[in-house]
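*Asks:* Line order of the protein sequences matches chains A and B. Note that numbering that gives the first Met the number 0 has the first sequence beginning at 0, numbered continuously upward. Note that numbering that gives the first Met the number 0 has the second sequence beginning at 0, numbered continuously upward.
If you are wondering where the hints come from, they were derived from the structure by calculation, not from laboratory data. Careful: at least some of the hints might be erroneous.
To be verified - Computed list of lysine-lysine pairs in DSSO-like fashion (alpha-carbon distance at most 30 Å, straight line):
#1 B:Lys43 - A:Lys62
#2 B:Lys212 - A:Lys62
#3 B:Lys866 - A:Lys35
Spelled out from the first residue to the last, the chains are:
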Amino acid sequence: MSKGVLYDGNRCIGCRSCQVACKSWNRNPAEDTTNKGGYDNPPRLSATTFTTVRFREVDHNGKFHWAFAKTQCMHCLHPACEGACPVGALKRDKDTGAVVYDDGRCFGCRYCMVACPFGIPTFEWDDPLPWIRKCTFCSGRLDGGLEPACVTACPTGALQLGEREDLITEARARISASPDKYVDHVYGEKEAGGTSWLYILPVPFEEMGFPALGEEAPTENPHIAMRTLPYYAGGVVVLMAGFYWLTKRKQKLSHTGDKHGKKEGVAK
Amino acid sequence: MTNHWIDIRNADCILIIGSNAAENHPISFKWVTAAMERPDNPAKLIHVDPRFSRTSSKADIFVRMRSGTDIAFMGGMINYLLKDMRLHPGNYNIEYVQQYTNVAYIVNSGIKLPGEDPAPGFFSGWADNKYAPATWKYADMASATAEAKLLTPNWEGWTNRGADDEAAWAELHDRCVLKLLWKQYRRYDEEKVSRITGVPVDNLREVYAEYAKTGARGKAGTIMYAMGATQHTYGTQNIRAYSIVQLLLANMGLAGGGINALRGTSNVQGSTDMGLLSHILPGYIKVPNDGDTDATLAGYLGRITPAPTLPPSELAADNPVNWWQHTPKYVASMLKAWWPGADPVVSYGYLPKGKASGVNYTHLGLIEAMGNGKIDGLWVWGQNPASGGPNSNGAREALGKLKWLVVSDVWMNETAEFWKRPGVDRGDIDTEVFVLPAAASFEKQGSVSNSGRWVQWRYRAVLPPGEAAPDLDIMSRLMKKIQELYEEEGGAYPDPILKLDWPYGDEVDPDLVAREINGYALETITVGARTYQAGELIDWFGDLQSNGKTSSGNWLFCNQYTTASAKDKADYPELITVVQKNAGTAAIESINKARKRNNMDTSLNEVGLYPNWSWCWPRNRRIIYNRASVDLNGAPWDADHPVLRWTGTGWDPAGDVIDGGGDPINVAADTKKNLPFIMNSEGVGKLWGYGLKDGPIPEAYEAWESPISNVMSPQQTDPAAFIGSFMNARGDAAQYPYVGTTYRCTEHWQTGIMTRNLPWLSEIVPEMYVELGEDLAGELRIRAGDRVRVSSARGSIECVAAVTRRFQGIRVDGQTIHHIGVLWHWGYSGRVRGDSGNILTPGIGDANTTIPEYKTFLCNVEKLTGKEAADV
Numbered sequence: 000m001s002k003g004v005l006y007d008g009n010r011c012i013g014c015r016s017c018q019v020a021c022k023s024w025n026r027n028p029a030e031d032t033t034n035k036g037g038y039d040n041p042p043r044l045s046a047t048t049f050t051t052v053r054f055r056e057v058d059h060n061g062k063f064h065w066a067f068a069k070t071q072c073m074h075c076l077h078p079a080c081e082g083a084c085p086v087g088a089l090k091r092d093k094d095t096g097a098v099v100y101d102d103g104r105c106f107g108c109r110y111c112m113v114a115c116p117f118g119i120p121t122f123e124w125d126d127p128l129p130w131i132r133k134c135t136f137c138s139g140r141l142d143g144g145l146e147p148a149c150v151t152a153c154p155t156g157a158l159q160l161g162e163r164e165d166l167i168t169e170a171r172a173r174i175s176a177s178p179d180k181y182v183d184h185v186y187g188e189k190e191a192g193g194t195s196w197l198y199i200l201p202v203p204f205e206e207m208g209f210p211a212l213g214e215e216a217p218t219e220n221p222h223i224a225m226r227t228l229p230y231y232a233g234g235v236v237v238l239m240a241g242f243y244w245l246t247k248r249k250q251k252l253s254h255t256g257d258k259h260g261k262k263e264g265v266a267k
Numbered sequence: 000m001t002n003h004w005i006d007i008r009n010a011d012c013i014l015i016i017g018s019n020a021a022e023n024h025p026i027s028f029k030w031v032t033a034a035m036e037r038p039d040n041p042a043k044l045i046h047v048d049p050r051f052s053r054t055s056s057k058a059d060i061f062v063r064m065r066s067g068t069d070i071a072f073m074g075g076m077i078n079y080l081l082k083d084m085r086l087h088p089g090n091y092n093i094e095y096v097q098q099y100t101n102v103a104y105i106v107n108s109g110i111k112l113p114g115e116d117p118a119p120g121f122f123s124g125w126a127d128n129k130y131a132p133a134t135w136k137y138a139d140m141a142s143a144t145a146e147a148k149l150l151t152p153n154w155e156g157w158t159n160r161g162a163d164d165e166a167a168w169a170e171l172h173d174r175c176v177l178k179l180l181w182k183q184y185r186r187y188d189e190e191k192v193s194r195i196t197g198v199p200v201d202n203l204r205e206v207y208a209e210y211a212k213t214g215a216r217g218k219a220g221t222i223m224y225a226m227g228a229t230q231h232t233y234g235t236q237n238i239r240a241y242s243i244v245q246l247l248l249a250n251m252g253l254a255g256g257g258i259n260a261l262r263g264t265s266n267v268q269g270s271t272d273m274g275l276l277s278h279i280l281p282g283y284i285k286v287p288n289d290g291d292t293d294a295t296l297a298g299y300l301g302r303i304t305p306a307p308t309l310p311p312s313e314l315a316a317d318n319p320v321n322w323w324q325h326t327p328k329y330v331a332s333m334l335k336a337w338w339p340g341a342d343p344v345v346s347y348g349y350l351p352k353g354k355a356s357g358v359n360y361t362h363l364g365l366i367e368a369m370g371n372g373k374i375d376g377l378w379v380w381g382q383n384p385a386s387g388g389p390n391s392n393g394a395r396e397a398l399g400k401l402k403w404l405v406v407s408d409v410w411m412n413e414t415a416e417f418w419k420r421p422g423v424d425r426g427d428i429d430t431e432v433f434v435l436p437a438a439a440s441f442e443k444q445g446s447v448s449n450s451g452r453w454v455q456w457r458y459r460a461v462l463p464p465g466e467a468a469p470d471l472d473i474m475s476r477l478m479k480k481i482q483e484l485y486e487e488e489g490g491a492y493p494d495p496i497l498k499l500d501w502p503y504g505d506e507v508d509p510d511l512v513a514r515e516i517n518g519y520a521l522e523t524i525t526v527g528a529r530t531y532q533a534g535e536l537i538d539w540f541g542d543l544q545s546n547g548k549t550s551s552g553n554w555l556f557c558n559q560y561t562t563a564s565a566k567d568k569a570d571y572p573e574l575i576t577v578v579q580k581n582a583g584t585a586a587i588e589s590i591n592k593a594r595k596r597n598n599m600d601t602s603l604n605e606v607g608l609y610p611n612w613s614w615c616w617p618r619n620r621r622i623i624y625n626r627a628s629v630d631l632n633g634a635p636w637d638a639d640h641p642v643l644r645w646t647g648t649g650w651d652p653a654g655d656v657i658d659g660g661g662d663p664i665n666v667a668a669d670t671k672k673n674l675p676f677i678m679n680s681e682g683v684g685k686l687w688g689y690g691l692k693d694g695p696i697p698e699a700y701e702a703w704e705s706p707i708s709n710v711m712s713p714q715q716t717d718p719a720a721f722i723g724s725f726m727n728a729r730g731d732a733a734q735y736p737y738v739g740t741t742y743r744c745t746e747h748w749q750t751g752i753m754t755r756n757l758p759w760l761s762e763i764v765p766e767m768y769v770e771l772g773e774d775l776a777g778e779l780r781i782r783a784g785d786r787v788r789v790s791s792a793r794g795s796i797e798c799v800a801a802v803t804r805r806f807q808g809i810r811v812d813g814q815t816i817h818h819i820g821v822l823w824h825w826g827y828s829g830r831v832r833g834d835s836g837n838i839l840t841p842g843i844g845d846a847n848t849t850i851p852e853y854k855t856f857l858c859n860v861e862k863l864t865g866k867e868a869a870d871v
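Bound-form chain B, shown alone (with noise of 0.2 Å):
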């Protein structure tokens, strides 16, 4: 999240789109419900669903979309609001959209869109199966130039603008961001955009403008979104053509706005910003490969490192700040947090590095992989692949090819059990399996960060029953017999092992690590007015060096646990830790801020910042691009719901803490004056971006199983989408007449592993089930509890059948298409047990991502009878 939970209720009007929030994160509607009932002024909620939900029946507006048309339908209110944007500028903050994004640049003279020839359905850069991005990026890289017709104040100079369409725009530069964005998004009009996504005209225009009144000044819309957004093959497009329409309608900073992604699972933020991913280091650093560019440390910094774009000289800001400049701090940091012992420049050949052949390392690359018999050995942490990734035929078949597994989970779950899965004779199996059991979450120490970034620490509530140890306990066991087994017999490679700081013992106190993850100054060093011990903890990430004289495991984390402050130690002297890293270092009075429980909203007017409840990453900013939050003199946009405020003098300090510091644009010295969207290298919120491998913009594709043709274009599918080929078998409509989404229920959690063996969830919900509509079941003659087989191209399930309204035929392009809900919390092991809809779902993934396309796939189902259902 770009806010964070609280924030929902300052939004006028919030759009749920790709997620079921109110089952799937319950308490996020404690502040929608807050937004919805706010006395003078209440916020719309907007629902856009295949399935009419828990979340649509609290909507004002539900919009029934066909499953995968996001695009299509962003991209219907991208095109409105350009239309209404020129006609009424007034109705809209056109000197945030023009000063705070890119939409006036001039984008390279190569550039070509979808809709133009040759290769309709491509952009420009397509070549032996993916895209060069160099005709994406600006006309000038070093030096941005702009159509300065957009940069007049409301769009003046803009002289044609009450002209029709086609004379209008013609007066702009044919390569400006909003002239592309213009030519992209004119053809997503409204008809084409009802016969792709099934929803009726009125209805889109009703939610278009409904959701356009956020656009005004002092008002603020957010987005919230989840897994109906991200898995598919496009999802990260999908992201993109939200995070277009927050830019135009100047939401993104404000309080209420934004771009919200409502996380799948407890701490998977926390896991996330720690590097879980397979293309990032902790911190979102870049994973290095073992190209050439790569081979030194210099040559890794030098391509990870972004060069700055400046601003075009018509804005009035001047400096991009690029924050990412800042990586080779950080990665040295990093590398000195691991090996203190060792020069940067030595350690960096300790990482491990990736294929720059572009070997892919995500689940379901690992999947593939290991189904091809290149992997002896998994270490299966807290998850589940059996049940848990798509494709579970395929899955669990590939599992069969390892040597050795070890699962370490709070239960036994299906990937554990998966050789005594049903149908397979165990005899046929090799894999040699491994059980750990581990501790829950209330049974040990440690943070949890949640989706507004909070990263709040947690206390152990109970000991972990029987053997059952914490993962940072087997963890460090495991890392210290390896260095003992390369202690005694050598190995290819030992120093990274043998060399690897690992102060912990068997049981490891998480507080050391959050200090580790925060970061030392490791000898006495000077940095601006600043000077720190040696062994002092690091005030933020500011102060890192790149000279090798700091750590930090993490750098968004350096801040959570410092010195404390006279403030810190009179207000919370039950969290001052005397902290002293090595023997002959000082002791130092210090605090770890995520155990702050502070409830007083210090923030102005209330606005719900909490700024002492826990602490939040990046340097406890609690809506990040906040400085887009004001106009270029440090006065909110929004006066009822400030997050910054310049006093005259300075920013007020009930205020949140400003990215990028510095004083307000009009107010600052020439080369300081800076752009809000630090994080990227122009400083402007990107309506139109060069870093994805599908495309600048969002263009819309059908998904990998659809039933019907792309109304688009004739490129079918996300070009450069991640196509797996272990047992992936692709469906067609004739035999899989209806479309898939597999989705989870409030009363169940992921593979059901930690809720199938509660008995009070089991009651609630006690075994497997499929939604249909009404319509649909009448076709099939099915009733409510009937047992139904539902298949795919890659297996098939037996189930009950849920018969509902809430899901109907949705009219596309002259035919009707029936959705059925499938749910993923059933399996083999555990208390109540039953199929996974993850047996259904195709191994295909996202083009940035690779996540898989869970959400839109072809299926059919039947009704069992006789025997058969009574069998099941």
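The shape of chain A in the complex, shown without the other chains (with noise of 0.2 Å):
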């Protein structure tokens, strides 16, 4: 037995108490977003932000639906990441699920980057001295006996912690007591060999942007989790001046003043 939080997108109300509470547990920083017309922000995870909510407008059953879904590493029951990473950095936590990182063992790699067929583990871009980060399932929470941040300060009960077991019964409960409320799909409860966060969702899951994924867990056969590395590897050295341009460029402008600055000169 280990945890799960199952995420109900009938619960959710999209208000991001979640994105806000984990910022404030996990202590990272805003990043300074633009608001590109509609309402994901920031728009991907990063290293400093762990989870994001996804707004998605979609027809679904002869229904308009506004639907909401809830971005984090899904804790792999057998994560690629860890699978992948040479150093052992990366480690499922047997009594919790948690799939939490080793700073002190991390050199860089990014492996795990590649591995993860969620796309999770992001990289400190702009550090010199980058880490890979990812969600923890705020695993010193749960040591401690408490629920992860995200789930805290949820208002309407669509994050629920639990055994992950009786998470998949509850899950299955919910979507037969309404079936016309939900997809008849508990995502996570095999995809890639099984995932402590469990999703149910009034709308396809690939509507939503989760990727369609076989059952069989990567690290079962690492080739799948690897088998994209010598294009990732032949692609790192040009993605990797892109990105420093990128950064440079931005911190340039950074001091040239932002558009806010410019328009208060008006008063100044």
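Make one complex out of these two single chains by using the hints.
*Replies:* Right under this line is the structure:
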């Protein structure tokens, strides 16, 4: 038995208390974002953003939905990242199910980023001595008998911590109680060999950006996880050069004043 | 709220209209979700709104209604109910409607409805630009008369009931309330309602039928509303329409029922209770004016204390209770709380008086007066009128007419910085501005009243930074300084200032204030079986006196802080405080019940009253008008969710605190058969009323700025609405073709001062945006993320476009009307900045409350290109 969290898309009201609670507990700084004309923000997970809520407008079963889905590390039962890590910096905690990392061991190869079927781990691109960063399942809170910060903050019970097996039973019960309100699938029960975080949603999972994955765990066949490596290895040089350029440009821009400062200048 | 947050879980159907509860009251959805997931009998959720929001995403039925057409929508529902109740009375709780509402009461012979000639669109009594409500009253105000046919069991006396409409209704007295409702709302047929609201007829029918199910005995439906309902020129009438539906469906007073106003800011309930609004003193006592009647305390009390209207003889009950008959006790006790050394007859003269000529002292009235140079100085506490009110350009200009301005706030805000806002030359502004840093909620102690009327004590978590101080301390230092200056220099009228009891220091103990609000016995007195020592806290407002021997700063809160009972001492030893009012008076163990935190639900069937979690007004009554939850014998209409229950010998002590006291109507002695709606002078729920400024029942009008002509009558707008004149231009649909509506998002708060300064919230919603439908955006070639200009006759703003399918054009009366959603969280102060949606909104107010019409106005939207877009 290990812990899990069940996310229920019918209970979630998209309030993003989880996002703020996550930032608060992890003392992660805010990112400098802009409004791109939608609700998702920050636009993707990063070294300082371990969870976000996705908002999608979806037609399903003849009904218009505004559907939400919280994104974070799925905490796989057989983590591909763990299998891919050459130095054992990423490890699954057998008691809690949390996949945690050890900064002291990580040497920055970023194999985990490539291996993860959900594209979760991120890298401190701006830092000269960067670490891998991702949701920790609030492992320290779990050890202390607390729920993860996001679960505690959720006002509607859309996030529920429990024993993984119990949550699967609970998820099935909710689906069968309201079959017209849910897609008949518990995402994470089988995907990639099973994950600690489980999802039930009112709309198809692919509409919400969940990858369609087989039941086989990547670590059972490390070649699945690593078969993209040759492409990656070649691409990373180009990519890093690009990021270097972008980062420098961003730093330069931030010194030349932002749009707000410019506007305010009228009254100064 | 007549009910409370937790109680939402008891509802069988939840109608959210004029509210986006999921986004603006996220915690409420804990209880909405609980109701919808009830295993045996899940509640249905209906959301009515121009925009598909996070609330709609959870709804079983979403109704896309044109902004500002609530009265047509609800009028159609009333029409549906009247027809269905006539044909199928067995599906409704007819006994409740006939015994607990004025359904059968006969109205004055002079009544004329807006559907009748002459002057279509107007009720009787319109003259000199206002209504005289005499013809709206009952035919006999002392002792009401009734249409007896409507008071027979299950309307069996209405023999023609099964006949066609005309024949059946012809049988009833022409001026009984039910007949008047029918005459008014038969005009709101489904086709016409659809033409006005843009809601397809089958969608209307589906919602009406679903909500009508809550009319059955044993069922309850709740209406959750907020500023989407109130912020219209006819906002009060919107709520009246909801009330009529809730009374017809026997949903008032029941668990899972009620009219539930989701208040817009933390503790706005508490500030309203304490007399924040310009027309009321603490405890909802009307303010005196400078007219002849109010020249004396007796004259004033005579004017504001209502006379009872006895029920018709056919009703089972005979006592309207008329709780406001106690007004003289509450006024005298309030005056003694403030000026204990003076006779209330004298200290009444110390109260400031409004102008009997009808000067408007609301937010809009104040801004007008400021703009017109009538006000020298303004003190702003925790408010931000430069962005928080309508027509911000006008409000900001008006601030510049002041000689001085004091802003007391947690952050620098747009009001404090109005003189350096973009586009003005600070050299042109002479206003002297002072800023006083205030403590935030967690930096001070005191009580906060939530929408459910719970008064919850909060403790200080951290000290305020720097020189910041709690409002109470700032106010106390100010008051003491004013008293000192009056002492030294005298003044035009020093008595009200110098004789004011102000036992507070530079740092005020809020617990002392709570005691003053509750009130004391000022000398040894005996009330019934209870003898109070001098200086003892009063148990409840029933013991307050009109003879000056008791004090109470707010009668509604009299019961919050009392002498501790033996049970209090046993159960809450840590909350017992020894209260000694003055040296020389007795020291008495007392309890501030707002500090209670007992989360055991001891209520009947665990219906969620949690009576020992904090305290609520009045008298810890968790559901007001709860006597309506039981039948004439005291048995709950809904046995599964009982609020009260008569055991045969008394009320079950696990039940709620009953409204008005006394035994069930069929058990009580003559003259003591209490009606449930005790705050109404007739004791019954008002399907028909006579207290508002714009009609006895709601009639549909268009917003002040509307793209269409009123379908219901030639009268376009609510005739009694408040029309501002200071810099308040009116737009027309030719120039401003789209309907704008303002709202808040989850991530920001009010003018954004408390949230735009928080990095974690600013990163989620960093910039001002406007939401518009894909269809309109396609026409205007606007894509998500484009920079746009939104303009109204008052001004224009520039922001990001959020293009969505959640807004869609609405077909109304043969044309397509597009809505645009604008937020008002931004301004020129704070960490992230942008334009405020309130630059667009009109300085127009509701006929009764002057709440501004933020929710419906005309605007235009254009895509910014090239240099303009880059400059935003």
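*Asks:* Could you tell me which of the hints above the structure violates, numbers in ascending order?
*Replies:* none
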